[in-house]
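K.L.:
Construct the entire structure; sequences and hints are all you get.
What follows is each chain in one-letter form.
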Amino acid sequence: MGRIKVKMEIVRHETCLEYFRRRLSEGWKCISLEGYHAVLLSPEGIRRELDLRNDVLTLRPNAAGDETNVPYQYPTSGSHWDKVDEASADNGATYVMSIANDYGRDLYALPNHTTESGDISSIIAYARCYISGGYLGTRTSFKICIKTDSVVTEDEQTINYGNWKTYSKTWAVNPADNQAWGWADIDAMQVGIALRWGAEVGINASHMDTECTQIYVEVNYTPVAAKTHSFGYIIG
Amino acid sequence: MPNKQQVENGRQAVDAYRAAHSKLHSKRWTRSIPSEHTPLLEQMLKELNKQGFNSLDEFFDASNDFNAQELGFASVADCIAQLKDRSKYSVEEAEAKWEELKSKWK
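Sequence lines, in order, name chains A and B.
For the first sequence, this note's numbering assigns the number 1 to the initial residue and increments by one for each residue that follows.
For the second sequence, this note's numbering assigns the number 1001 to the initial residue and increments by one for each residue that follows.
Honestly, the hints are just simulated from the structure, not real lab data.
Glycine is no exception: its CB is placed at the ideal position from the N, C-alpha and C atoms.
Take the hints with a grain of salt, since some may be wrong.
[To be verified] Only pairs whose alpha carbons sit at most 25 Å apart, straight line, appear in this in silico DSS-like list of lysine-lysine:
#1 B:Lys1050 with B:Lys1004
#2 B:Lys1084 with B:Lys1097
#3 B:Lys1104 with B:Lys1088
#4 B:Lys1102 with B:Lys1088
#5 B:Lys1106 with B:Lys1004
#6 A:Lys165 with B:Lys1046
#7 B:Lys1106 with A:Lys165
#8 B:Lys1106 with B:Lys1046
#9 B:Lys1102 with A:Lys165
[Stated by the list, open to error] Derived coverage of chain A by chain B (criterion: at least 3 residues anywhere in the stretch with Cβ under 8 Å from a Cβ of chain B; other residues may be distant):
#10 57-66
#11 80-88
#12 177-183
P.N.:
Shown next, in the form of structure tokens:
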């Protein structure tokens, strides 16, 4: 029997090379590499485009945001945000969950950026979710959410039965105003999750629950100094 | 197939992780907190590995099956199959049994 390995994940900013290497160490594969443009594929099927001139800033929840409406957390002590902030996902050990037919939404505050600067090409929000075993339902859904400029933007996705799985949503521009991302937008942004059990009418929803154990945001940006770097310089 | 003691030991490892997680969050937030979970997680996984589990999910599946066995089923899958059988359980009985299962250790 092999020893279980935990993938260490850097929380703060990473150069493209550091990010690239870490994702490969986590089991992602590079399925395309042309010039500055790489395409990574996660073990769970997330296709992640990566501009190799970019750095990546990873932000994880550090406080409650404006809404705490996902009905439950497990364990019950502490705060919702601390159930989803870990760098290495702890799956069923700590999570927020819903057994309700209607969506309940949490928003989580994120730390501000520090020394990072440059043009932001996109942000990617990730959420790791799961449906507990049940016997009456067949499907359920969740929404990855961000709040910017006082507007909550949601992306609804379906969860299928199976193991814990990480889902993602990319926003190339700030969806609240369709303008390019600025660092003030990043500092003010909240990330969140809306969970429900997609029950059929007349079925008691309490038979299963939808859970989220980890949520985080990646900010892809081109540091000013890197604009003149070649791919060979950065990677080689 | 893990035995009762292996599952119980695994549950203790998860409980220890949860306690450490709670303690970690009792202090003032710093940027390193998300990655400070990792050694705690490693410790839990190491213990689960000692008990014969290759992953956290494998442990939880075994633990849930154990909960079902305590209610007289072979596994969660067996429980689900039987609770769906209306010749064995009415909807109300099935719901009550499922709630009983869900109230056990998780």
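K.L.:
Taking the hints in turn, state whether each one holds.
P.N.:
Results for each hint:
1. Simply put, B:Lys1050 and B:Lys1004 have alpha-carbon atoms about 14 Å apart, close enough for the 25 Å limit, and the pair holds.
2. Between the alpha carbons of B:Lys1084 and B:Lys1097 the distance comes to roughly 11 Å, so the proposed pair stays at or under 25 Å and holds.
3. Restraint check for B:Lys1104 and B:Lys1088: the C-alpha separation of about 22 Å stays at or below 25 Å, so the hint holds.
4. Among the hinted pairs, B:Lys1102 with B:Lys1088 is consistent with the structure: their alpha-carbon atoms are about 20 Å apart, no more than 25 Å.
5. For a cut-off of 25 Å, the pair hint linking B:Lys1106 to B:Lys1004 stands: about 15 Å separates their Cα positions.
6. For the hint linking A:Lys165 to B:Lys1046, the alpha-carbon distance of about 22 Å falls within 25 Å, and the restraint holds.
7. Annotation: proposed proximity of B:Lys1106 to A:Lys165 holds, straight-line Cα distance about 19 Å (limit 25 Å).
8. For the hint linking B:Lys1106 to B:Lys1046, the alpha-carbon distance of about 19 Å falls within 25 Å, and the restraint holds.
9. Taken as a hint, the B:Lys1102 and A:Lys165 pair is honoured in the structure, with Cα atoms around 22 Å apart against an allowance of 25 Å.
10. Counting residues of the segment 57-66 of chain A whose beta-carbon sits less than 8 Å from any beta-carbon of chain B gives 3, enough to reach three: the coverage restraint holds.
11. Taking a C-beta to C-beta cut-off of 8 Å, the segment 80-88 of chain A contributes 5 residues in contact with chain B, enough for the three needed, and the coverage statement holds.
12. Here the segment 177-183 of chain A counts 0 residues with a CB under 8 Å from a CB of chain B, which misses the bar of 3, and the coverage is violated.
The structure fails to meet hint 12 from the earlier list, while all remaining hints are met.
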